[in-house]
Each structure stands twice: as C-alpha cells, then as structure tokens.
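Residue numbers (my numbering), protein chains in the order written: chain V, 720 to 1003; chain G, -6 to 208.
Just so you know, these hints were derived from the structure itself, not from any lab.
These numbers were taken from a predicted model, which means no experiment stands behind them.
Heads up, a few of these hints could be off.
To be verified - Here are a few chain G residues that sit away from chain V, every Cβ distance over 10 Å (derived from the structure):
1) A1
2) V58
3) E72
4) E99
5) L119
6) P124
7) T127
8) R166
To be verified - The calculated DSS-like cross-link candidates involving lysine-lysine, where the alpha carbons are at most 30 Å apart (straight line), are:
9) V:K842 <-> G:K131
10) V:K721 <-> V:K752
11) V:K842 <-> V:K772
12) V:K842 <-> V:K801
13) V:K924 <-> V:K752
14) V:K819 <-> G:K154
15) G:K131 <-> V:K752
16) V:K801 <-> V:K771
17) V:K753 <-> G:K154
18) V:K969 <-> V:K819
19) G:K163 <-> V:K842
20) V:K842 <-> G:K154
Backbone N, C-alpha and C define an ideal beta-carbon position, used for all residues, glycine too.
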Amino acid sequence: MKTTLKSKTKKVEISTEGPFTIIGEKINPTGRKKLAAALQEGNLDYVRDLAKKQIEAGADVLDVNVGMAGTDDVDYLPGIVKMLVEEFDIPLCLDSPNPKALAAALPLVQGRALVNSVNGEEKSLEAVLPIVKEFGVPVIGLAIGDGGISNDPQKRLAAAGKIIERAGKLGIPIEDIIIDPLVMTVGADSNAGLVTLTTIELVCKEFGVNINLGASNVSFGLPERDVINQAFLALAIGAGATCAITDPMKYSLTIKATDLLRGRDSYGAKYLKFYRAHAPEKTA
Amino acid sequence: MSEALLNAMAQSIVDGDSDAAANAARQAVEAGMDPLEAITKGYMAGVNEVGDSYACGNVFLPELVMAGEAMKAAIAVLEPELKKRGTSRETLGKVVLATVEGDIHEIGKSLVGTMLTAAGFEVYDLGVNVPAETIIAKAEEVGADIVGLSALLTTTMIRQKEVIEAMDRKGLRKRTRVIVGGAPVTRDWAQRIEADGYSEDAVGAVGVARALMNG
C-alpha cells in the first residue's frame, strides 16, 4: 500500500513495503512560545529556520500546525503554506481541525499535501472528508470513535474501519487513508504502549493501510524520554507503523537504524549516508 | 503507637503501596484513632512529600499515580468510619473539575483531582470532553467554590474562555472561582480570559486552590 505525497518536483511515498517516512513535527506553536510570538507578529523567519533544520535532519515531510489560543487557523495557515511552498521543495502535512483553514491552504500547495486529521466522530467525518475528497488528497484518520478514545484495541480498530468506510463512500481510495492508532502515556497507564502496538497489528492485518504515529506522547512524565521514544518507535515500526510525526533532529538515526534492521535499506546505504551527513556535528 | 502508625501511613503513600495504606487504615480504625487525624496527619504527609518530589523531578508520573491509588485505598477504608462518627471530612472547599468539550486529555486533570482530594477538597471530577452547560450545571448543583478547567489543545483552550463567559452571564463568578490549566495554557492566557487562578502542574494547583479559598 502506497500513499503518495508531492511537492513541486519531489514525490514521497509512504509505504507499507519501503522505508519509514519521517514527518517533521516542529512547526507547531503548542508549547513553543517563541514560534507563537513570531507567527502572531507575522515574522516567518522562525518557521523558515525550523523548516530548514528539519529538512537537514532528515524530515521527508513537514507538518504545519498554527493552532494558537484565541486565534483562527485560517488567518495563519495559508500564509505559512505559501512561504513554505515557495522556498522549500518538500511535501507538507497540513495539521488543522478547521475545514476553512484547510480549504484556504490546500489550493496553495503545488503538489499533494497530507491532511492531519479526521477522526471517527460524526462531526469530524462530516467536516473534513468532503474537503479531502474535493482536493483529492490523503488524510490521517485518528482511531477515535463516537465514544471517544478507547483502551480497547478492537474499538480503535472499529473506529479506523469507520473512517475507511466513510471515506470509501465518498470515493476516497483506501490508500489515501493513513490510520493513527493513538499513542497515550505509559506513565499514566502502563498498558498504553501495548494497546497502541496491538491496534497497529490489528489495523495492519485488517486493512493493510499505512499507519502514522504521534510518538512523543508515550514518554510523558518519565525520565530519559528520548530512550523510551526510541524504543517505542522501533517496536511500533516492527508492528507495522509506516510514518511518524516526530522530531527528526532526535530520531532520524534511530529510524534509519530500524529500517536497516528490517531489511529495508540495501547495504545500509541510507543509514550510512545519514551518518556521514551528521557525524561531523556530533564529534564537533 | 499512634506516632508509628501515622508514619506508616505517610510511608505507604510515598511507597505507593495500596495494601499497606489500607492495612494502616484498618489498624487505625481498630485502635479507635480519629480517621480525620489519620488522613491529615498520616496520609497527607506522604502526599505532600510525593508531590514535592514530583515537582523536583525526583519522582515520576507512574509513582504519582501509584501514590494516588494508595490514597484512594486508605480513604475507602476510612470513609465508613468517618460516616459512622457523623463527621464528614472537613472540606477545604468544593471543586468541580473537567476537561473541556472537544478535548479528551485525562491525565493532568485527574492528577489535579487526586492532589486536591488528598489535600482535603471535595472534588467532583466530570471527566473529559465535558460541555460548558454540564460543568456549570454541576457547579450550581453542588455550590462549587472552584471550577477547574483543563485543556490540552490550542484548539480547545478557547472553551475555557467560553465557560468563564457563560458563568459571567449567569452571575456565578462571585461565588465560584475558576482555575485553568493544561500544557498550552499560560499565565498570560489565564489572565486574558480572566480566570482566577493558574498553575503549571498538579502540585501547584493545590496551592492556587488553597489561596483562592483564603482570599
């Protein structure tokens, strides 16, 4: 199964057969006060810098989130997308629950962006899927049903199935649905990791679709978060996850190593290329 | 004897040992110890210690959750005894707690609930994804002193403002104060939406709530 994203000249395939796809998470003002301030001042230099750094660090796609308290995504998303499309040749993932913001930003994308996200609740399905259909783009579907987030992998599977089915009715093909199994915090519930891993396996088996992770949440409230995140990434990739919205500066090498260990990197070429490109920084 | 038992109570919370906490509570009941004293002088000392250690980064989230479970186990044993004596726990105030509509994040809000309960507040935790009307109706029903609103998404923070505005319209703000929290919530935001209190974490929330009751 392949989900195709495009920028001006480049194509990225999120694939159940190929290497893992890294979606850079950094363009998101939640918890980043400097970015929030820069966005509100209309200063795009900070976003430009984050885009550049993430691409250098191995991001295949850039997530773009402009959600800030008391502001409307529709006022910010189009401007930032326009700048990113003009200055960078990398596919985008438009991260907004606001259909108006998505509808305003999608026409500015020269290529094929990913929409993040829809979930299995009626309200969300009705608001987001028509836009996804109109622009012919893929979408991330969060495994949340009408009852909210469940701890039961079967229920998460059912929510995923509902999204795929409803998208299908609108004529959105299954390869354009990427399921997010949801990652909760192991600190609060030590079974949370297992629930996600089981959901990944179930969704893989049932639908064979691409699977996205928001992987940094899992380690909240624990020491050495990076170690937990790395272990979790490897386990989730092993279970069938195919892309993640994550920090390329921290996790690209772990992800490349996992690809190599799964036989998806002939002669370790990608791992070594990445190592050489970044090794001098490490020893400096 | 009672000194040793109070220490054991505190330690059971620090260790997050529900069995030990419940055992100590049973011993207290058998020995005729005032259950209020067991809570305030015994278990609460442990809760405070765990809370401080968490704030310093020496204790981690799963340990805080375990301490909360141990506290619940102790209260479950002591509650019938409290009722029998006709003394309900002296409450510092009534708090209605919820994660706002559209937001399903639970941990932070529940931790605040645990800490406030442990500190002696009477907490009504309405759960996650709670509409403004439900929160306000509960606050009116129980005569809440404080309403606590959690929001973990930049897209749902605005609901905190909406709840506050709705409470304003109903003239509830004189009687009921509002505290807000959640990862994207800042002191600046709290001031902007005219909340009465803000804390970065669950431990801080207890201090904020206490200050509001005294203020």
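Tested hints:
1. Every Cβ of chain V is farther than 10 Å from the Cβ of A1 of chain G; the closest lies at roughly 26 Å, confirming the non-interface assignment.
2. Not every CB of chain V lies more than 10 Å from the CB of V58 of chain G, the least distance being 6 Å, so the non-interface label is violated.
3. Annotated as non-interface, E72 of chain G keeps its C-beta farther than 10 Å from every C-beta of chain V; the closest such distance is 25 Å.
4. Chain V draws E99 of chain G into its interface by the beta-carbon criterion, the shortest separation being 8 Å against a cut-off of 10 Å.
5. Remark: the non-interface label on L119 of chain G is consistent with the geometry, its nearest Cβ contact in chain V lying 14 Å away (cut-off 10 Å).
6. In this structure P124 of chain G is separated from chain V by more than 10 Å, as the shortest Cβ-Cβ distance comes to about 13 Å.
7. For T127 of chain G, the condition that its CB be more than 10 Å from all CB atoms of chain V holds, with the nearest at approximately 15 Å.
8. At the 10 Å boundary, the C-beta of R166 of chain G stays outside the reach of chain V, the nearest C-beta of that chain being 20 Å off.
9. Simply put, K842 of chain V and K131 of chain G have alpha-carbon atoms about 26 Å apart, close enough for the 30 Å limit, and the pair holds.
10. Proposed proximity of K721 of chain V and K752 of chain V is contradicted: the alpha carbons are some 36 Å apart, above 30 Å.
11. A threshold of 30 Å between alpha carbons decides the hint, and for K842 of chain V with K772 of chain V the separation of about 36 Å lies outside it, so the pair is violated.
12. Annotation: proposed proximity of K842 of chain V to K801 of chain V holds, straight-line Cα distance about 29 Å (limit 30 Å).
13. Among the hinted pairs, K924 of chain V with K752 of chain V is inconsistent with the structure: their alpha-carbon atoms are about 41 Å apart, more than 30 Å.
14. For the hint pairing K819 of chain V with K154 of chain G, the CA-to-CA distance comes to about 22 Å; that is within 30 Å, so the pair holds.
15. Our distance criterion of 30 Å between C-alpha atoms is broken by K131 of chain G and K752 of chain V, whose separation comes to about 34 Å.
16. Our distance criterion of 30 Å between C-alpha atoms is met by K801 of chain V and K771 of chain V, whose separation comes to about 15 Å.
17. Using a Cα cut-off of 30 Å, the hinted pair K753 of chain V and K154 of chain G holds, with the two alpha carbons roughly 23 Å apart.
18. Pair hint K969 of chain V plus K819 of chain V does not hold up; C-alpha atoms about 33 Å apart against a cutoff of 30 Å.
19. A C-alpha spacing of about 29 Å is found between K163 of chain G and K842 of chain V, which places the hinted pair at or below 30 Å, so the restraint holds.
20. Only pairs whose Cα atoms come within 30 Å are accepted, and K842 of chain V paired with K154 of chain G is accepted, the gap being roughly 22 Å.
Checked against the numbered hints above, the structure breaks hints 2, 4, 10, 11, 13, 15, 18 and satisfies the rest.
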